[in-house]
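Enquirer: Build out the structure end to end from the sequences listed, making use of the hints.
Residue-level listing of the chains:
Number of protein chains: 2
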Amino acid sequence: MKILITGGGGFLGDRLARALLARPTLAGREVTKVVLTDIAPPRADLLADPRVEGRTGALLTQTDALRDEAFDGVFHLASAVSGECEADFDLGLRSNLDSTRALLDAIRANVNAGGQAPRLVFSSSVAVFGPDPAVPLPKVVADDTLPAPQTSYGMHKLVCEHLVADYTRKGYLDGRAARLMTVCVRPGKPNGAASSFFSGIIREPLAGVESICPVDENVSHPISSPTRTVEGLIRVYEASREEFNGRTALNLPALNVRVADMLAALEQVAGKAVRQLVRFERDERIAGIVANWPSGASAARAAKLGLLPHENFAEIIRQYIDDCSKAPNADQTLKGLAR
Amino acid sequence: MKILITGGGGFLGDRLARALLARPTLAGREVTKVVLTDIAPPRADLLADPRVEGRTGALLTQTDALRDEAFDGVFHLASAVSGECEADFDLGLRSNLDSTRALLDAIRANVNAGGQAPRLVFSSSVAVFGPDPAVPLPKVVADDTLPAPQTSYGMHKLVCEHLVADYTRKGYLDGRAARLMTVCVRPGKPNGAASSFFSGIIREPLAGVESICPVDENVSHPISSPTRTVEGLIRVYEASREEFNGRTALNLPALNVRVADMLAALEQVAGKAVRQLVRFERDERIAGIVANWPSGASAARAAKLGLLPHENFAEIIRQYIDDCSKAPNADQTLKGLAR
Numbered sequence: 001m002k003i004l005i006t007g008g009g010g011f012l013g014d015r016l017a018r019a020l021l022a023r024p025t026l027a028g029r030e031v032t033k034v035v036l037t038d039i040a041p042p043r044a045d046l047l048a049d050p051r052v053e054g055r056t057g058a059l060l061t062q063t064d065a066l067r068d069e070a071f072d073g074v075f076h077l078a079s080a081v082s083g084e085c086e087a088d089f090d091l092g093l094r095s096n097l098d099s100t101r102a103l104l105d106a107i108r109a110n111v112n113a114g115g116q117a118p119r120l121v122f123s124s125s126v127a128v129f130g131p132d133p134a135v136p137l138p139k140v141v142a143d144d145t146l147p148a149p150q151t152s153y154g155m156h157k158l159v160c161e162h163l164v165a166d167y168t169r170k171g172y173l174d175g176r177a178a179r180l181m182t183v184c185v186r187p188g189k190p191n192g193a194a195s196s197f198f199s200g201i202i203r204e205p206l207a208g209v210e211s212i213c214p215v216d217e218n219v220s221h222p223i224s225s226p227t228r229t230v231e232g233l234i235r236v237y238e239a240s241r242e243e244f245n246g247r248t249a250l251n252l253p254a255l256n257v258r259v260a261d262m263l264a265a266l267e268q269v270a271g272k273a274v275r276q277l278v279r280f281e282r283d284e285r286i287a288g289i290v291a292n293w294p295s296g297a298s299a300a301r302a303a304k305l306g307l308l309p310h311e312n313f314a315e316i317i318r319q320y321i322d323d324c325s326k327a328p329n330a331d332q333t334l335k336g337l338a339r
Numbered sequence: 001m002k003i004l005i006t007g008g009g010g011f012l013g014d015r016l017a018r019a020l021l022a023r024p025t026l027a028g029r030e031v032t033k034v035v036l037t038d039i040a041p042p043r044a045d046l047l048a049d050p051r052v053e054g055r056t057g058a059l060l061t062q063t064d065a066l067r068d069e070a071f072d073g074v075f076h077l078a079s080a081v082s083g084e085c086e087a088d089f090d091l092g093l094r095s096n097l098d099s100t101r102a103l104l105d106a107i108r109a110n111v112n113a114g115g116q117a118p119r120l121v122f123s124s125s126v127a128v129f130g131p132d133p134a135v136p137l138p139k140v141v142a143d144d145t146l147p148a149p150q151t152s153y154g155m156h157k158l159v160c161e162h163l164v165a166d167y168t169r170k171g172y173l174d175g176r177a178a179r180l181m182t183v184c185v186r187p188g189k190p191n192g193a194a195s196s197f198f199s200g201i202i203r204e205p206l207a208g209v210e211s212i213c214p215v216d217e218n219v220s221h222p223i224s225s226p227t228r229t230v231e232g233l234i235r236v237y238e239a240s241r242e243e244f245n246g247r248t249a250l251n252l253p254a255l256n257v258r259v260a261d262m263l264a265a266l267e268q269v270a271g272k273a274v275r276q277l278v279r280f281e282r283d284e285r286i287a288g289i290v291a292n293w294p295s296g297a298s299a300a301r302a303a304k305l306g307l308l309p310h311e312n313f314a315e316i317i318r319q320y321i322d323d324c325s326k327a328p329n330a331d332q333t334l335k336g337l338a339r
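Chains as they are written, first to last, in my numbering: chain U, 1 to 339; chain C, 1 to 339.
Please note that the accuracy of each hint is not assured.
Treat identical chains as interchangeable: a pair holds within one or across any two.
What the hints assert, rightly or not - Straight-line C-alpha distance at most 30 Å; calculated BS3-like pairs for lysine-lysine:
hint	residue 1	residue 2
1	Lys139	Lys304
2	Lys170	Lys189
3	Lys139	Lys170
4	Lys272	Lys189
5	Lys326	Lys2
6	Lys272	Lys33
7	Lys326	Lys33
8	Lys304	Lys335
9	Lys33	Lys139
10	Lys2	Lys335
11	Lys139	Lys2
12	Lys139	Lys326
13	Lys304	Lys189
Rather than coming from a laboratory, the hints here were simulated on the basis of the structure.
Expert: So this is what it looks like as structure tokens:
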């Protein structure tokens, strides 16, 4: 069967594509083709797989053509990140709202022309939650906590959750929205996400590079490893509608952890010298955004699907080190460890 | 000051415009101009007021010009109704999502060009609420009940609540979303709203005409009179940001009433013969939509603004009769009463 991954050139899209291609089946069927759309091309070794096709360009420039192309499944990951959306309101609306709407309408056009409604997993975000004077934010947000986004990115994700739910209700697709926790440790360079430092304060020291933490060490946050996140997306795809239970979004599992605990785990796994490469220097812009995020999340519906968070943060660091060792590249060094 | 009312040719827009023009001030300032946009023109007697300007045409065809025009205040009421949106998915998206987005972006363009951010009241709806397997619907929905729309109309309203909140957060407008309850008794003809019968079963018998109730008499629903609804919109406009309290939407006050109680009140006010003009004939399409609506609503935030529901349904019927007597027209007869 044929799968589309939007944002397929990104870190998670890449990991997801490799995971799908490595499986004998997805929801009982063999994956024979994976189309990756993104502004960045997929990695060369992924493209070398004859089942993989990369299409480079903004999603919004590709959706017209998608009206004539049927997919069995779609993972819609493409998104401008929170920092970008705060800096450029139009970019956020275009990349996150207009692109999703155009994608859903392309699918709808295909279905209206006689095609089968595809299964679709939408990657929403814990960023849908936030405090509002009329809606105090619980310390731990649950699947059914009332979202009150405090960033444009969070608003976009919430709006798309509801678009996916309504297109699903109407039978244009079989959609499931899963809220991703902050993915950590991300390899590569810092990105425009306000949450980027959660990976930076682990990844950079492990590479032997100094890293700045822009928030204080008592900040707590719901985190998930790349592996668990990809497992979550696949499990949500494979769930029956009854298992998914309704059309509202669910939270993927999170390890709720303080910055101080992350750094203690870093010291435990990699030693004191590595830990000391993290310096605290408050960034009011980042700290202000993060202050409006929940300090933890629960995931009761995901747990019913068998999805669980890591037990501790040291496990997440060890997995990152293991990933780097298996697939070494210039962006993912462990030079800090070697010192 | 200059006010824009979208949907200004409709029933509520008309009532709102008259109410604004009759007041000495709105939020402390004199209303010198009211622009009414709608696909239908405003009534002639309203247009005769030199302060009133009507602009006929779909909102989406008018938003480009609005980029160059500053308003002090906006009441955004224009909307395709629930039945229409279920019947024509594209119409709903265009009329409710695209039009709102274009309106907000026109305002943003004006503000970006140096204009002042206007105050804006968005008329959302109790239709944002609904049951989902993962989110049981409480009998009485509160301001902070988790919305899970079960119609496209409800989804559109919820999405627009969040657009208004985010444009407000960014300073492009001073927006407040107020969820309207089912307005009853509406004068005029039945419209495409699935809730149309709530007015029909009172209005038609009072006019001496038979009316069909498509749901059973135990169906309960949150209702508000036109007068209280318009008062609510104005009070929400006049609230300070602190009084409005946050950026999430609030419920306007509702009288939670069963169909059986509505008909008992009709008999009490207008007599048995009028009551007997209502015939029960189940319509599965309507009953199915209504079954997913809440049976009642609470409005704690509105109460803090001094907004309260009517005490009983007979009061609402008497107000309708009074309105008809004051402004008689062909659509609003009370021939049933006269028999």
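Enquirer: Now, for every hint given, state plainly whether the structure supports it.
Expert: Going down the list of hints, with the structure as the test:
For a Cα distance limit of 30 Å, the shortest separation of lysine 139 from lysine 304 qualifies both inside one copy, at 22 Å, and across copies, at 27 Å. Proximity of lysine 170 to lysine 189 under the C-alpha cut-off of 30 Å is restricted to the inter-copy arrangement: shortest distance 29 Å between copies versus 41 Å within a copy. Taking CA atoms no more than 30 Å apart as the test, lysine 139 paired with lysine 170 passes between copies only; the shortest distance there is 25 Å, against 35 Å inside one copy. In this homomeric assembly, lysine 272 and lysine 189 come within 30 Å of each other (Cα to Cα) only inside a single copy, at 23 Å, whereas the closest approach across copies is 77 Å.
Taking the shortest Cα distances, lysine 326 and lysine 2 sit within 30 Å of each other inside one copy (28 Å), while across copies they are farther apart (66 Å). Within a single copy, lysine 272 and lysine 33 get their C-alpha atoms no closer than 46 Å, and across copies no closer than 70 Å, so neither meets the 30 Å cut-off. For a Cα distance limit of 30 Å, the shortest separation of lysine 326 from lysine 33 inside one copy, 25 Å, qualifies, whereas the shortest one across copies, 70 Å, does not. In this homomeric assembly, lysine 304 and lysine 335 never come within 30 Å of each other (Cα to Cα): the closest approach is 40 Å inside a single copy and 60 Å across copies.
For a Cα distance limit of 30 Å, the shortest separation of lysine 33 from lysine 139 qualifies neither inside one copy, at 42 Å, nor across copies, at 48 Å. In this assembly of identical chains, lysine 2 and lysine 335 lie within 30 Å of each other by CA distance neither inside one copy nor across copies; the values are 40 Å within and 65 Å between. In this assembly of identical chains, lysine 139 and lysine 2 lie within 30 Å of each other by CA distance neither inside one copy nor across copies; the values are 41 Å within and 44 Å between. In this assembly of identical chains, lysine 139 and lysine 326 lie within 30 Å of each other by CA distance neither inside one copy nor across copies; the values are 37 Å within and 55 Å between.
Proximity of lysine 304 to lysine 189 under the C-alpha cut-off of 30 Å is found in neither arrangement, the shortest distances being 35 Å within a copy and 50 Å between copies.
Hint check: violations occur at hints 6, 8, 9, 10, 11, 12, 13; the rest are consistent with the structure.
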